[in-house]
Amino acid sequence: VSSGDTHRAVLKPVSFLRQVLAVCVYPELLEDKSLPLDVKIRAQKLLEACDGGSVGSYTASSGLSHVRQSIAEFITKRDGIPSFAENIFICAGSQRAIMIAVKLLASGEGTTRTGVLIPAPCPHTLYPLLDEADVVLVPYQLMEEKGWAVELDKLHQALQANRRNCEPRAIYISNPGNPTGHVQDRKSIEEVIQFAAAERLILLVDEVYQDSVYGKDREFISYKKVLFEMDKEYAETVELVSFHSLSSACVGECGMRAGYMEVVNMDPEVMYYFDNTLCGDISTPVTGQLALDLMVIPPQPGDPSYDTYIQETLFTLATLSHNAKRVQEFLNKLPGVSCQPAMGGIYLFPRLHLPCGIKEQAKVGNVPKNDVLYCQKLLEEEGVLAGAGQYGGITDSCHLR
Amino acid sequence: MSVLQGINPNIRKMKQLEYGALASRANQIKEERHYKEVIDVSWGDSHRAGVKPLTFVRQVLAACVYPPLINSNNLPLDVRQRAQKQLGTCAGGSVGSYTETAGVSEIIHSISEFIKRRDGGIPSQPENIYISAGSQWSIGNILHVLVNSEASPKTGVLIPVPCHITTAVSITGLGAVTVPYYLSEEQAWALQVEELQRALESAKGVCNPVALYVINPGNPTGYVQSRKSVQEVIRFASEKGLFLLVDEVYQDSVYGENSEFVSYKRALSEMGPPFSGTVELASFHSVSKGFLGECGLRSGYVELVNLDPAVMNYIQTLFSKDSSSPVLGQIALDLMTDPPKPGDPSYPLYNQVGTLELYLLRTSQHYNLPGLSCPPIGGGFYAFVRLHLTPKSIQKSKELGLQPDTFYCMKLLEEGGVLTTPGCEYGQKEGTYHIRYNTQIDKLMSLGGKKKKIHV
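The listed protein sequences derive, respectively, from chains A and B.
Note that full-length UniProt numbering has the first sequence beginning at 1, numbered continuously upward.
Note that full-length UniProt numbering has the second sequence beginning at 1, numbered continuously upward.
I should point out that these hints are in silico values taken from the structure, not numbers from a laboratory.
Worth double-checking, as some hints may not be accurate.
Mimicking DSS-like on lysine-lysine, the simulated pairs with C-alpha atoms at most 27 Å apart in a straight line are [claimed, not checked]:
#: 1; chain 1: A; residue 1: Lys216; chain 2: A; residue 2: Lys146
#: 2; chain 1: A; residue 1: Lys377; chain 2: A; residue 2: Lys216
#: 3; chain 1: A; residue 1: Lys154; chain 2: A; residue 2: Lys333
#: 4; chain 1: A; residue 1: Lys40; chain 2: B; residue 2: Lys240
#: 5; chain 1: B; residue 1: Lys341; chain 2: B; residue 2: Lys321
#: 6; chain 1: B; residue 1: Lys411; chain 2: B; residue 2: Lys398
#: 7; chain 1: A; residue 1: Lys33; chain 2: B; residue 2: Lys154
#: 8; chain 1: A; residue 1: Lys377; chain 2: B; residue 2: Lys321
#: 9; chain 1: A; residue 1: Lys369; chain 2: B; residue 2: Lys321
#: 10; chain 1: A; residue 1: Lys187; chain 2: A; residue 2: Lys154
#: 11; chain 1: A; residue 1: Lys333; chain 2: A; residue 2: Lys377
#: 12; chain 1: A; residue 1: Lys325; chain 2: A; residue 2: Lys216
#: 13; chain 1: A; residue 1: Lys77; chain 2: A; residue 2: Lys45
#: 14; chain 1: B; residue 1: Lys429; chain 2: B; residue 2: Lys411
#: 15; chain 1: A; residue 1: Lys333; chain 2: A; residue 2: Lys146
#: 16; chain 1: B; residue 1: Lys398; chain 2: A; residue 2: Lys33
#: 17; chain 1: B; residue 1: Lys13; chain 2: B; residue 2: Lys392
#: 18; chain 1: B; residue 1: Lys13; chain 2: B; residue 2: Lys116
#: 19; chain 1: A; residue 1: Lys45; chain 2: B; residue 2: Lys52
#: 20; chain 1: A; residue 1: Lys12; chain 2: B; residue 2: Lys85
#: 21; chain 1: B; residue 1: Lys321; chain 2: A; residue 2: Lys45
#: 22; chain 1: A; residue 1: Lys12; chain 2: A; residue 2: Lys325
#: 23; chain 1: A; residue 1: Lys77; chain 2: A; residue 2: Lys33
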């Protein structure tokens with residue numbers, strides 16, 4: 001249960017998505033009587049968008065324009081604010097997109113090296129990724145006691161502590177939080193935006209779990225929407241890149257490798273560099289791009305596939321919500337474990353209050369961290385693979401994912 | 001404005017493609033009414049050129065995407081069995097799950113068996129094979145290991161001229177330097193060791209060359225190295241301590257009369273010690289070319305030979321930060337390396353199509369127009385044709401601020417509706433001009449006619 005892989009955990013794929021993709025892969029299926037009409041119509045439309053009518057052809061490096069357009073429509077509908085296809089870049093997953101965005105920013109040497117603020121805890125894949133992009137990582141602590149909320153003080157602290165050893169240029173945040181499950185309210189998002197504006201930081205916002213918010217009284221609002229509903233001084237100037245992907249909770253097609261980033265308020269010349277960098281990175285499979293289209297434009301009420309689609313999506317959400325609550329309650333009853341409630345996403349991030357004994361064991365066994373040792377034991381003795389918290393070195397506390 | 005000021009200097013230096021302007025114009029023309037379509041032979045993209053995907057491959061993939069098809073009587077038995085087998089190797093039985101970093105282990109096993117068969121029984125170790133989203137991606141990862149972006153002098157990588165652009169761009173993007181070695185047009189674009197030597201010499205004091213990048217069969221040239229030539233290059237790399245990066249993605253498309261593909265690994269192994277145990281080699285293959293032509297699936301592999309275990313550890317780390325490569329692509333790799341066999345229901349069709357494709361490539365050569373010349377092509381998907389341009393047309397292009405071969409491609413596009421790429425994109429000797437186009441057949445018949453018209 002350590003990875004963000006819902007199919008591995010045996011949640012089912014979305015039937016509509018798989019049916020359309022199967023037809024796109026093997027168009028002879030258009031003759032198959034068992035497939036619903038809306039599946040066939042959609043597949044035909046998508047195949048027309050592919051060169052040579054095949055998912056085997058290369059696409060433009062920034063992605064199929066048809067899909068970029070669909071994504072723009074989805075974002076416009078979601079936020080009530082126009083979104084444009086030319087600001088959308090398709091990549092082989094949100095992590096790859098984040099890496100490209102950060103690589104673009106990386107410059108300087110020694111104390112002028114680009115710094116990127118990242119939350120502690122952050123997604124377990126983020127560290128090695130940013131490390132490779134050759135930037136200085138500046139962790140800011142999230143507040144566990146407040147359900148892993150973002151606190152302005154901590155942002156300032158992180159910045160102050162690192163101003164002299166790097167040139168901070170960007171701040172990464174995930175909402176819903178990965179691995180914390182915290183979902184920010186409007187006020188919190190505004191605070192982060194104001195902070196970014198004041199400190200001239202580019203916002204890199206990972207919104208992959210936007211489709212799975214189940215906490216009471218909480219809903220997902222995109223950073224872009226909040227930004228555009230603030231005063232002109234922010235709405236027209238704060239630079240923002242937001243990320244989404246197929247690895248979202250309800251779709252969970254991690255193995256298809258596709259995601260996108262939307263670039264907001266950036267100089268058109270910078271867009272040119274995004275495009276150019278992606279030219280050397282032709283890596284998003286066409287099947288993944290088509291799956292993105294199917295994710296952002298699902299069956300509509302009245303379509304033959306609509307009922308099944310809704311049923312499947314609601315089932316996934318209900319499962320996540322139910323499990324999150326059950327597991328959290330269960331964990332809190334265990335001695336030495338405490339767990340904040342999650343409001344969204346697919347993880348829980350419980351804290352382990354470990355006895356001194358294990359800490360000594362870790363030192364003796366030359367294991368880097370206590371939580372890694374705990375995970376090793378959990379695996380060996382119970383056959384359960386969980387992720388080690390790897391907090392980012394701010395405190396001594398131990399967590400599991 | 002703020003981001004622009006701080007753009008990564010290596011990224012700023014990345015070359016803009018000449019092709020970009022041609023491609024935009026092609027799109028414009030498609031939208032205007034001139035032609036029902038623009039014939040696009042500028043990519044190494046089989047399906048775009050009109051070649052059909054392999055039925056067996058697409059049937060298996062469809063069943064993997066939508067497993068209820070496994071029970072469908074409309075699909076041949078071997079397709080259904082294969083899909084079931086593949087899904088059995090996927091976590092949760094789904095192509096939507098992540099796989100292990102290096103790829104699905106059963107598929108890696110298929111690949112190593114394929115390599116062993118291809119190389120006359122020389123074993124291939126599964127732990128030396130990594131699947132990734134296309135050969136260019138693996139090349140990028142290996143370059144990452146070789147290039148020290150902070151070194152001074154900079155890391156150098158020898159690359160052929162002409163050479164397709166993507167690798168050169170990756171090298172520069174990492175902060176390294178390309179060291180060109182010229183292929184010999186008079187000898188059908190052969191690779192000559194003396195020229196490698198000259199290139200290496202030229203790098204003295206400029207950069208620190210660590211690797212030699214070879215494409216065999218060549219892109220865009222189509223030259224297929226003989227066993228002797230491969231061995232010469234290996235010896236050279238060994239003497240000079242260079243890491244061999246060998247791009248062998250066109251290995252299945254060899255059709256020249258006296259051409260035969262010999263893999264670098266095989267040649268190396270047959271040379272025996274000391275070479276066979278010491279020369280470091282990375283060889284790349286993918287599903288994008290050959291019979292499958294599945295560029296859009298994004299899948300390929302790299303086989304690493306003679307690398308230090310410590311370096312292999314680092315490579316494992318590097319590949320693991322990249323989430324696994326697309327599962328459908330991995331499955332396509334399995335199908336490519338373990339295709340239907342005689343006796344399987346899908347075999348006759350699979351075999352027929354493969355044979356036909358090679359036949360068509362072989363017979364598609366016709367450069368008997370004045371002002372054009374092209375040496376015999378050994379393999380690959382392209383013709384890299386020399387343009388003998390008149391001084392007048394060269395002058396005209398200079399007036400327009402275009403490279404002469406770009407100008408030729410523009411004209412071919414505007415007046416003939418055919419999209420090709422200019423030789424300057426790949427590098428060429430000063431004062432020579434070329435165009436490259438995809439020779440896969442479907443569009444070629446009309447291409448020949450149009451070229452004749454424009455050319456005259």
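Hints, one by one, checked against the model:
| no. | hint | verdict |
| --- | --- | --- |
| 1 | A:Lys216 with A:Lys146 | 15 Å, holds |
| 2 | A:Lys377 with A:Lys216 | 35 Å, violated |
| 3 | A:Lys154 with A:Lys333 | 30 Å, violated |
| 4 | A:Lys40 with B:Lys240 | 58 Å, violated |
| 5 | B:Lys341 with B:Lys321 | 37 Å, violated |
| 6 | B:Lys411 with B:Lys398 | 14 Å, holds |
| 7 | A:Lys33 with B:Lys154 | 61 Å, violated |
| 8 | A:Lys377 with B:Lys321 | 25 Å, holds |
| 9 | A:Lys369 with B:Lys321 | 20 Å, holds |
| 10 | A:Lys187 with A:Lys154 | 16 Å, holds |
| 11 | A:Lys333 with A:Lys377 | 20 Å, holds |
| 12 | A:Lys325 with A:Lys216 | 12 Å, holds |
| 13 | A:Lys77 with A:Lys45 | 21 Å, holds |
| 14 | B:Lys429 with B:Lys411 | 22 Å, holds |
| 15 | A:Lys333 with A:Lys146 | 19 Å, holds |
| 16 | B:Lys398 with A:Lys33 | 60 Å, violated |
| 17 | B:Lys13 with B:Lys392 | 33 Å, violated |
| 18 | B:Lys13 with B:Lys116 | 41 Å, violated |
| 19 | A:Lys45 with B:Lys52 | 19 Å, holds |
| 20 | A:Lys12 with B:Lys85 | 19 Å, holds |
| 21 | B:Lys321 with A:Lys45 | 35 Å, violated |
| 22 | A:Lys12 with A:Lys325 | 21 Å, holds |
| 23 | A:Lys77 with A:Lys33 | 33 Å, violated |
Checked against the numbered hints given earlier, this structure breaks hints 2, 3, 4, 5, 7, 16, 17, 18, 21, 23; the rest are met.
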